[in-house]
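A.B. asks: Each chain, written out:
2 protein chains.
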Amino acid sequence: MTSPAIAAQSLTPAAVQAAYGLIQPYVHRTPLLTCKTLDTIASTPQTPEALVGTPFEGQTPAHPQIRFFFKCENFQRIGAFKARGAFHALLRLLEERGEEVKRRGVITHSSGNHAQALALAASTLGVPAYIVMPRISTPSKIAGTQSHGAEVIFSGSTSVEREAVVAEIQAKTDAILVPPYDDFNIICGQGTTALELEAQHAEARSQALDAVITPIGGGGLNSGVATWFSDKKTHVFGAEPSFEGADDCRRGLQAKKRVEAVGTLTIADGLRTPVGLINWEVISNEKRVEGVFAVTEEQIKSAMRLVLERMKVVVEPSAVVGLAVCLFDEDFRRRVEQEGGEGGWDIGVVFSGGNTTVEAIAKLFT
Amino acid sequence: MTSPAIAAQSLTPAAVQAAYGLIQPYVHRTPLLTCKTLDTIASTPQTPEALVGTPFEGQTPAHPQIRFFFKCENFQRIGAFKARGAFHALLRLLEERGEEVKRRGVITHSSGNHAQALALAASTLGVPAYIVMPRISTPSKIAGTQSHGAEVIFSGSTSVEREAVVAEIQAKTDAILVPPYDDFNIICGQGTTALELEAQHAEARSQALDAVITPIGGGGLNSGVATWFSDKKTHVFGAEPSFEGADDCRRGLQAKKRVEAVGTLTIADGLRTPVGLINWEVISNEKRVEGVFAVTEEQIKSAMRLVLERMKVVVEPSAVVGLAVCLFDEDFRRRVEQEGGEGGWDIGVVFSGGNTTVEAIAKLFT
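Keeping their order, the protein sequence lines are chains A and B.
Counted from 1, the first sequence has number 1 at position 1 by my numbering; the numbering is strictly sequential.
Counted from 1, the second sequence has number 91 at position 91 by my numbering; the numbering is strictly sequential.
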């Protein structure tokens, strides 16, 4: 088994490019959307009152100029970027081990989107799939996973509880583990989001993309995106919820030590897991990821409301933590103001997924 | 004043084309989206149980083949197709009467989207605007109208109550009325939706567009769309809510007499008005509009849920009545089955708008 540090060193733009060649027939090139209303809101200083009770209380609100480019992975197959990594991992497995994979099947644990993604990839490529899901997963995600013909097995919510159930099923079936994020091939697959984002931005604009921000749960998307931009000038940032310690990556960076377990029930249910080992190697490398920011549950809800009501696009709470950082985090906004100056920044914001229900939206906003 | 019948005769594809030339700099060419999941659902027969308690109880459910092409006017400026008609009507007024329009200003009454549209067009073109809105309009629509600098005056909900307030304000200000739907220029403007829809369908498909269905409130959109397709083979249909008699147009067609007043509080709040006089002349002409269908509040909610959860696109209830007809009306589905056969139909469905709030969504689904 390769060490996480060695695996991280092999994560190169060329590896992401190669992943793209493999998965292209199976995934959507999702649209890159703009929204003048959100640009205007983000480019207006917050009121001093809005900062009361936050770590920024008493500061003069920053005045950044921001132009958003939203990479809409909520329109991806199964409604989330996870389709990219799952197809890539499974295609590589089939390339390396052939028929054996179809005999043994694959297994994973996931709060939802990776589950549906692996189920879709497995059914598309003719491989049996066993999916361990927390009992409290969104019903639509459970139904989505089952609808692709995967066998769903329920577990508790923490990563420790989930992994125990995975081990149990593996002992019975000999199924091959396809981890949700802590995996070289998964990370390369998720990184193809950045490759498309950069190309689509270049089609629309003659100037460079200044920055990209993505959610961080296990860190597959963020480390993949950071891998793609590792030889480019675009700054890469990460975003997490702060609720009940869900900002494990941010806290780990401060302590210079990865946080190994998290117990949070943030509304951003895709971001309840601690960052993985390989992912940590990438994200804690300042040359690859320049900062990780955390936002509150209320800030996530405000960002989600803006996207639904102004952009008319459905996103899940996890998808908007990056946007929430751009709108509400004064440290981030100050940096854009100082480095971007009057010209401002073009910021790529990855909307990671859109798997929610009208009932879940109702519960959040009543 | 031209009679409604004469006005309707002047509604030609050339008039719509001319409107398009005028409004193009001011409106979005909204996307035409497809959704395989919705195609599959629409192309699957309803269960016999689903028909219990409907007018189709006991029938063998139809088995049509349907491919949807969703014209997303929810992504239009101000979030609805109404921007097209408002810009067109105001540009024509300025063309015909010049500076006088800027001195007198314009006035209208609207349940919301036409209000915002006229407010936007007026502020863009430097004309004062007075907007009469029912007190019970969606708060986001009132705020949207005010944010464009228009003066909002409140009224009761029925068209009689609204028109009384309009007359009162006109007596004071001499503002020129821009009606929400019963107007030649408004109808031509809304018809540009069809022009784009047809062109975008042709870019995507080599076969003809078989049918188009739109919501009918006052009938501006439907009569405009029917005008564009009046010299083509594409069948045009209309859709209304049935709740509390909101299906005035469908009932009028049965009785061969336009229904003049409606008092309904259907959730499809854009469709609470009776069809206009010119609109009626177009829609009651079988060569232009081949049928109008009505759907229940529950069917509207089901269609809205599918669009939000499966397409990840935010629509208001009024926007999905056409989709609801395609999914649930057995007379319509039987016709598609019989005329479309195994090849099925390509159906253009106009999503008329997306102006809702998370609170309104919550209220609908809890």
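Just so you know, the hints here were simulated from the structure itself, not pulled from any lab data.
These figures come from a predicted structure and were not determined experimentally.
Quick reminder that beta carbons are idealized off the backbone N, C-alpha and C, glycines included.
Among the hints, a few may not be true.
Now the stretches of chain A that chain B is said to cover, found in silico as 3 or more residues with beta-carbon under 8 Å [what the hints assert, rightly or not]:
(1) 74–87
(2) 163–174
(3) 350–361
A.B. asks: Tell me, which hint numbers fail for this structure?
C.D. replies: 2
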